[in-house]
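K.L.:
Fit chain B to the supplied structure of chain A, relying on the hints for placement.
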Amino acid sequence: AQTVTQSQPEMSVQEAETVTLSCTYDTSESDYYLFWYKQPPSRQMILVIRQEAYKQQNATENRFSVNFQKAAKSFSLKISDSQLGDAAMYFCAYEIHTGTASKLTFGTGTRLQVTL
Amino acid sequence: GAVVSQHPSWVICKSGTSVKIECRSLDFQATTMFWYRQFPKQSLMLMATSNEGSKATYEQGVEKDKFLINHASLTLSTLTVTSAHPEDSSFYICSASHKGVIDTQYFGPGTRLTVL
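Chains A and B are the protein sequences, given in the same order. The first sequence: position 80 = 93 (the numbering used here), numbered continuously. The second sequence: position 32 = 40 (the numbering used here), numbered continuously.
One chain only, chain A, in its complex shape (with noise of 0.2 angstroms):
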C-alpha cells in the first residue's frame, strides 16, 4: 500500500520569508503524480502544485516550487515571500491510476503559520 508521511505538524514562518514543508511517500509504482494541496480555515481544498513523477524538472507555480527526489521518494514544497494567506493546513498528496480513474492518497499535514 502507499503511504504519505509528513513528518513536521506544525510550521511557522514570517511573512516575506521562505519555508519549506517536508514530504516522504512509499511506493513501488514507477508512474505516478505528486500534489500539494492547501486547506484553509474555510476546509475548501486547493491545488497548489502537481509534479509528474516522470518529469525530472521540479515544478513551479509562482512562489510555490517543489524540490522532488525520486530515487529517495522525496517530494518537499517550498513556499517563497511568505504572505498571511498562505497560513493553512498543506497536505501532500500521492496518486496513482487505476483504469479509468486517479485515487489520491493523503499525508497527515502540517500546519503553517505567518507571522508578522
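Treat the hints as calculated values from the structure; they're not laboratory data. Any given hint could be a false lead.
[To be verified] Dumping the calculated EDC-like pairs for lysine to aspartate or glutamate here, alpha-carbon to alpha-carbon at most 16 angstroms:
#1 Lys83/A x Glu65/A
#2 Lys86/A x Glu108/A
#3 Lys116/A x Asp111/B
#4 Lys91/A x Glu23/A
#5 Lys22/B x Glu95/B
#6 Lys91/A x Glu42/A
#7 Lys49/B x Glu23/A
#8 Lys28/B x Asp73/B
#9 Lys68/A x Asp96/B
#10 Lys83/A x Glu108/A
#11 Lys72/B x Asp96/B
#12 Lys116/A x Glu95/B
[What the hints assert, rightly or not] Stretches of chain B that chain A covers, calculated by requiring three or more beta carbons in the stretch to come under 8 angstroms of a beta carbon on chain A:
#13 19 to 31
#14 76 to 88
[Said to hold, decoys possible] Example chain A residues on the side facing chain B (calculated, C-beta under 8 angstroms, incomplete):
#15 Tyr38
#16 Lys116
#17 Leu117
Think of the CB as a built atom: it goes at the ideal place given N, C-alpha and C, for glycine as much as any other residue.
P.N.:
Chain B alone, transformed into the frame defined by chain A:
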C-alpha cells in the same frame, strides 16, 4: 472552470435518521466522483469512488450499506448516511474528475455533518 459544489454545507440531524449530501460538477462532466471523510485535525480519508452509471467502489472498512452512494448522472453524485449515529459526525468532502483529465481531482467545499 472545474467547479464542484456540495449541498448542504452543514447539516444537523437526530440519531437514527438518514441524511443525503449532494455533490455536483457545475461546468464539466464528472466521469468519476470521490467521497472523502475528514475528522477534526486529521487528513482526508477516501471512502469510495463512483463512476457514472455503475456501482461505487468502497474502501476497506467503509460500510456500503451505511454510506449509500449514487452517481446517476455525469454531474451529480449523492452520499446518503443511513441511520446516522454521533460517531458519523464528520466533514464529508467530494471531488470529481473528468474523462479528459483523469489525473486531477476538483474538490467541493465540504459538508459538515453533526449527529445529535
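K.L.:
Now look at each hint and say whether the structure bears it out.
P.N.:
Evaluated hints:
Taken as a hint, the Lys83/A and Glu65/A pair is honoured in the structure, with Cα atoms around 10 angstroms apart against an allowance of 16 angstroms. For the proposed pair Lys86/A and Glu108/A, the alpha carbon gap of about 13 angstroms is at most 16 angstroms, so the pair holds. Annotation: proposed proximity of Lys116/A to Asp111/B holds, straight-line Cα distance about 9 angstroms (limit 16 angstroms). This hinted pair checks out: Lys91/A and Glu23/A have alpha carbons roughly 15 angstroms apart, not beyond 16 angstroms.
For the hint pairing Lys22/B with Glu95/B, the CA-to-CA distance comes to about 12 angstroms; that is within 16 angstroms, so the pair holds. Under the criterion of a C-alpha separation no larger than 16 angstroms, the hint pairing Lys91/A with Glu42/A is inconsistent with the structure, at around 25 angstroms. Pair hint Lys49/B plus Glu23/A holds up; C-alpha atoms about 12 angstroms apart against a cutoff of 16 angstroms. Taking the CA atoms of Lys28/B and Asp73/B, the gap is near 14 angstroms; set against the 16 angstroms cutoff, the hint holds.
Simply put, Lys68/A and Asp96/B have alpha-carbon atoms about 41 angstroms apart, too far for the 16 angstroms limit, and the pair is violated. Taking the CA atoms of Lys83/A and Glu108/A, the gap is near 14 angstroms; set against the 16 angstroms cutoff, the hint holds. At roughly 14 angstroms between alpha-carbon atoms, Lys72/B and Asp96/B fall within 16 angstroms of each other, so this suggested pair holds. For a cut-off of 16 angstroms, the pair hint linking Lys116/A to Glu95/B is broken: about 26 angstroms separates their Cα positions.
Under a criterion of three residues with beta carbons nearer than 8 angstroms to beta carbons of chain A, the stated coverage of the stretch 19 to 31 of chain B fails, only 0 such residues being counted. Counting residues of the stretch 76 to 88 of chain B whose C-beta lies closer than 8 angstroms to any C-beta of chain A gives 0; at least three are required, and the coverage claim is violated. The criterion of a C-beta within 8 angstroms of any C-beta in chain B is not met by Tyr38/A, whose closest approach is roughly 14 angstroms, and the hint is violated. Hint on Lys116/A holds. Least Cβ distance to chain B is approximately 7 angstroms, under the 8 angstroms limit.
Hint status for Leu117/A relative to chain B: holds, with the closest Cβ pair at about 6 angstroms, below 8 angstroms.
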